[in-house]
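Protein chains in written order, with our numbering: chain G, 1 to 161; chain Y, 1001 to 1438.
A few of these clues could be false.
[As the list claims (entries may be wrong)] Here chain G is said to cover these stretches of chain Y; the calculated rule only asks that three of the stretch's residues, wherever they fall, bring their Cβ under 8 Å from a Cβ of chain G:
(1) 1211 to 1221
(2) 1339 to 1347
(3) 1350 to 1357
(4) 1361 to 1373
[Said to hold, decoys possible] From chain Y, some residues computed to sit far from chain G (all C-beta separations above 10 Å):
(5) Ser1052
(6) Asn1085
(7) Arg1088
(8) Lys1098
(9) Asp1117
(10) Glu1161
(11) Gly1190
(12) His1192
(13) Phe1194
(14) Arg1271
(15) Arg1280
(16) Glu1327
In case anyone wonders, no lab produced these hints; they're calculated from the structure.
Note that beta-carbon positions come from the ideal geometry of N, C-alpha and C, so glycine has one too.
Next come the chains, spelled out residue by residue.
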Amino acid sequence: MNTQLLAEVSAFLWREADLLDHCDYDNWLAQWREDGLYIVPIDPDATDFADRLNYAHDDHAMRVKRVARLVGGDSVSTQPVSRTVRSLSRFHILADDGQTVTVRAAQFLREFRKETLRDYTADVTYTLARDGSGEGGFKLIAKIVRLINSTDALHCIGYIL
Amino acid sequence: MTTASQAPGARDLSDLVRADRVHTSLYTDPAIFDEEMDRIFNNCWVWVAHASEVKEPGDFKSTYVGRQPVVVVRDRKQKIHVLLNRCRHRAATVCEEKKGRTNSFVCPYHGWSYGLDGSLRGVPHPESYGQCLDKGEFPLKSLRVEEYAGMVFATFKQDQEPLADWLGPAKKWMDLFMKQGGGFPIKVAGEHRFRFPGNWKIQLENTTDGYHFPVIHKSFLSTVDKQTEQMLDFVNGPGFVEDLGNGHSVMVMIPDLIDLEANLDAPIPARFEELAEELRADYPEDQVRRIVRAVGGSGFNLNLFPNIACSMAFFRVLRPVSVDETEIHHAVITMDGGPAAGNRARLRLHEHFQGPLGFGTPDDSEAWERVQKGAHAGTDLWILLNRGLPGERVTPDGRVSDVSAETGMRAAYQQWKKLMCATTAVPSSAAVPSVTTA
């Protein structure tokens, strides 16, 4: 096992998780490559997402709009903002071709808003481009968040998973 | 949280719905909710599926009619059945998947198996029954099923008026809505499911509520292009709301988009220019224009009492769970056999607004949740439904007023009152064996 790569990858992804929990969206957006996709699928078995319905299928423009909505103050479902704490674990490097690294991890997220504490558990697959210009040497080119209850009726989620 | 009350008598209920307001207890009283499940959901035509969801023989989906689980399935003769999801032996559900394809439904408990038409086919080890089990007597219970414009409805009431009569003037709006296939048959290609802690009628009202749009959806409107923002700035515009009878109503927000096959020579909106260019590689110009005009959906919401709406570009399905819990499905519509690029545009537009991570739905949901919470304050107070009343006038189909009038809600509540206060309502137990008390 390449523990050096595992350490580099987990450092980058823990930083991403920390930025989201602390609503540091400018730095989160900067972790992405322009052509990257943030996807929250419905179908747990889907591997291609463009031709099916997802919860979110964000390119760069949509990520910027999603962030603007979260911080803009016009969206009643984000006022007050949800407080989240997520922990990322069980990193498994699925592929490394020298240019990109694909890694799968377990995400446990707790959300508190108004009077309710909720859990969201997800299997998350990241594709990272080795990119000297990015923080930690990587840029995100895909983040696929597979909620384990994606096929159930969810409550509204006013933050980024 | 809710105040229990005695089961309200018919006369009491009629006092709770007035011409211009309804009483708060319609959102909060569990006894009224129980009565609604019986008198409305067990006694109306209730939407269960779009035909495309059960396209081939053996295709099925599981859903609910009111609180009762059902399976919608197409048999080998192309007939659609709606069957109670309950084994006739000891009541276990025979289907737990949301959708799929099968040859039969087999109860996992003792292995009783049923055909696609619900008939009881096989019983393991039948010897012990001797002559005391006639399989012909124990099919999965069937509801009556009728279809219009691809929309499939079911009812427990065998003597219910024909679906076409129940829909009445709503039928022509259903026909118009289906034009968003852009020349292709429309197809339900998945849905967003979410729940909110509130009464089902709060969502029923919302589909015919133009007034809320610029307020609650301000953040959504800030994420669309200028032309779209202007198009959606309809509250002071020429649109209208029309009561279509039987609780159905239509809210036309964008009159120009009533008929998606009209005005095909109009300039293509800037936001669809890239799509049009992509389609030109495979389609002639007239077809490109027809597809592009249909991609963004119709300019109206058609509310069909009690549980389905044709809402601009998607189907909105509501399922009452309890007096203060409602499940919503926003089913996306694509063109069956249509261009992948056009369908992708439809999928991305749906994701942009709808669902638990959309830019529109969460704000609606938050508002509905607050309605339910607020309804526990001042339990003697009323919900106002008088907007647009002075300008309301009679039409051949019903009554019409301005685009942000509460005419559609008044229509739904008058139908609610009619069903809830009817003295001749057939209880569901007449059609389906239900709980009997000793």
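Assertion that Y/Asp1117 lies outside the chain G interface [Cβ separation over 10 Å] | Nearest chain G Cβ is 28 Å from Y/Asp1117, so the label holds.
Determine whether the non-interface label on Y/Asn1085 survives the test: each CB of chain G must be over 10 Å from its CB.
-> For Y/Asn1085, whose nearest Cβ neighbour in chain G is about 18 Å away, the distance exceeds 10 Å, so it holds.
When you look at the beta carbon of Y/Phe1194, is every beta carbon of chain G farther off than 10 Å?
-> violated, 5 Å
With 10 Å as the threshold, tell me whether Y/Glu1161 passes as away from chain G on beta-carbon distances.
-> Nearest chain G Cβ is 32 Å from Y/Glu1161, so the label holds.
Against chain G, does Y/Gly1190 hold up as non-interface, every C-beta pair farther apart than 10 Å?
-> violated, 4 Å
Grab the minimum beta-carbon distance between Y/Arg1280 and chain G and tell me whether it stays above 10 Å.
-> Non-interface label on Y/Arg1280 holds, nearest chain G Cβ at 20 Å vs cutoff 10 Å.
Should the label of Y/Glu1327 as a non-interface residue stand, given a Cβ cut-off of 10 Å to chain G?
-> Violated, because the least Cβ-Cβ distance between Y/Glu1327 and chain G comes to about 5 Å, which does not exceed 10 Å.
Was Y/Arg1088 rightly flagged as not at the interface, with every chain G Cβ beyond 10 Å?
-> Y/Arg1088 is indeed farther than 10 Å from all Cβ atoms of chain G, at 28 Å.
Cβ contact check, 8 Å cutoff: the region 1339 to 1347 of chain Y against chain G, three residues minimum | Coverage by chain G holds for the region 1339 to 1347 of chain Y (4 residues, Cβ < 8 Å).
At a Cβ distance under 8 Å, does chain G reach at least three residues of the region 1361 to 1373 of chain Y?
-> With 6 residues in contact (Cβ-Cβ under 8 Å with chain G), the coverage given for the region 1361 to 1373 of chain Y holds.
Against chain G, does Y/Lys1098 hold up as non-interface, every C-beta pair farther apart than 10 Å?
-> violated, 7 Å
Is the nearest Cβ of chain G still more than 10 Å from the Cβ of Y/Arg1271?
-> Non-interface label stands for Y/Arg1271: nearest chain G Cβ at 12 Å, farther than 10 Å.
Of the numbered hints listed earlier, those contradicted by the structure are 8, 11, 12, 13 and 16.
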